[in-house]
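Please model the entire structure based on the sequences and the hints provided.
Number of protein chains: 2
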Amino acid sequence: MRKSKIQAANLEGDADDIEAAFYDALQRGDIDRLMACWADEDEIFCIHPGGPRNVGPEAVRTSWEEIFATPTRLRFQLEQQLFFVGASIAIQSVFEYLQVNDEKKLRGPAVATNVYTRTPAGWRLLAHHAGPSPTAAAAPTRTARIGRLH
Amino acid sequence: MRKSKIQAANLEGDADDIEAAFYDALQRGDIDRLMACWADEDEIFCIHPGGPRNVGPEAVRTSWEEIFATPTRLRFQLEQQLFFVGASIAIQSVFEYLQVNDEKKLRGPAVATNVYTRTPAGWRLLAHHAGPSPTAAAAPTRTARIGRLH
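Chains as they are written, first to last, in numbering that gives the first Met the number 0: chain E, 0 to 149; chain P, 0 to 149.
Treat the hints as calculated values from the structure; they're not laboratory data.
Heads up, some of the hints might be wrong.
FRET-style restraints, in silico, Cβ to Cβ [stated by the list, open to error]: (1) E/D13 / P/D39: 22 to 28 Å; (2) E/D16 / P/E65: 35 to 41 Å; (3) P/E57 / E/D41: 38 to 44 Å; (4) P/L77 / E/D29: 23 to 29 Å; (5) P/P133 / E/V99: 21 to 27 Å; (6) E/D29 / P/E102: 43 to 49 Å; (7) P/T134 / E/L105: 27 to 33 Å; (8) P/R106 / E/T61: 27 to 33 Å; (9) E/G49 / P/D39: 32 to 38 Å; (10) P/A86 / E/T61: 29 to 35 Å; (11) E/D23 / P/K103: 46 to 52 Å; (12) E/D29 / P/D31: 47 to 53 Å; (13) P/L77 / E/L105: 33 to 39 Å.
Since the structure is predicted, the reported quantities are computational estimates derived from the model, not experimental observations.
For each residue, glycine too, the CB sits at the ideal point set by N, CA and C.
The structure is reproduced here in structure tokens:
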């Protein structure tokens, strides 16, 4: 259940780097790489659209293993990202459009709130909350650096 | 659209104080008190279950005014709260059960992710993301103080 140190060492950088690693691991169906993106905290939680709240590393891992158990190729297209970046925690809101196998029509969007914490090894996920959403309204991508604007 | 300084001055305290003020304002249908709980940032966002992402103070306010426009009495029951508390941002995950008027059966739950930022005037909401959820599984209420556990 523990993250490998080699994987963790590859995940330094800004919160948007860990976000890229997270969605890349999702697309590859790489459960170890995916779990290496998460903080080493008992309270991490993950909510898939319309699903239960999975709390803790084991429950979070199991929830993704169930998704990866079907031989499905997933491609994510992310749109209209909002970032709040603080000293120790960052929040991202993003619309996720999903291509399943070779389907021409994208599914979604889901709207996801991703929460990251800064650890000595880099930013790590604390929470992923995805829910159903109507079509995303047009809006620019924006980042607010909390504590620097004031 | 600006928050009154008198209202803001009454909203000092910890992130869970502002959370209490937020749900109290919801139950009272007090739009000014509700908006006084939010940070003064263009990027604040609010997602009601299954609804669009409302970005910015005007869109957030309008989304609540539409809910308050119907003469409905709302009572919230909050369960299984998880808190991540950092230096400048705090995150709360909570199940919301809702009593509408005198209905005996509670509606929900919705699962909400609330994000707060610490401002000179106290903690304020940056984001409220509520989505549909199956019945909440039993789990304790927990708080993780990020940066203090490591």
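Hint check results:
Here the CB-CB span from E/D13 to P/D39 is close to 25 Å, well matched to the stated 22 to 28 Å. At about 38 Å, the CB distance of E/D16 to P/E65 agrees with the hint of 35 to 41 Å. Hint check: P/E57 to E/D41, Cβ distance near 39 Å, so the stated range 38 to 44 Å holds. Between P/L77 and E/D29 the beta carbons are some 36 Å apart, a value that contradicts the proposed interval 23 to 29 Å.
The hinted window of 21 to 27 Å between P/P133 and E/V99 holds, with their beta carbons roughly 23 Å apart. Remark: the range hint 43 to 49 Å for E/D29 to P/E102 is upheld by a beta-carbon distance near 46 Å. Between P/T134 and E/L105 the CB atoms are about 31 Å apart, so this pair conforms to the stated range of 27 to 33 Å. A beta carbon spacing of about 29 Å between P/R106 and E/T61 agrees with the range 27 to 33 Å that was offered as a hint.
A C-beta distance of roughly 33 Å is found between E/G49 and P/D39, which places it inside the suggested range of 32 to 38 Å. Hint check: P/A86 to E/T61, Cβ distance near 32 Å, so the stated range 29 to 35 Å holds. Checked against the given bound of 46 to 52 Å, the beta carbons of E/D23 and P/K103, roughly 49 Å apart, stay inside it. As the Cβ distance of E/D29 to P/D31 is approximately 49 Å, the hint placing it in 47 to 53 Å holds.
A hinted range of 33 to 39 Å holds for the C-beta pair P/L77 and E/L105, which are about 35 Å apart.
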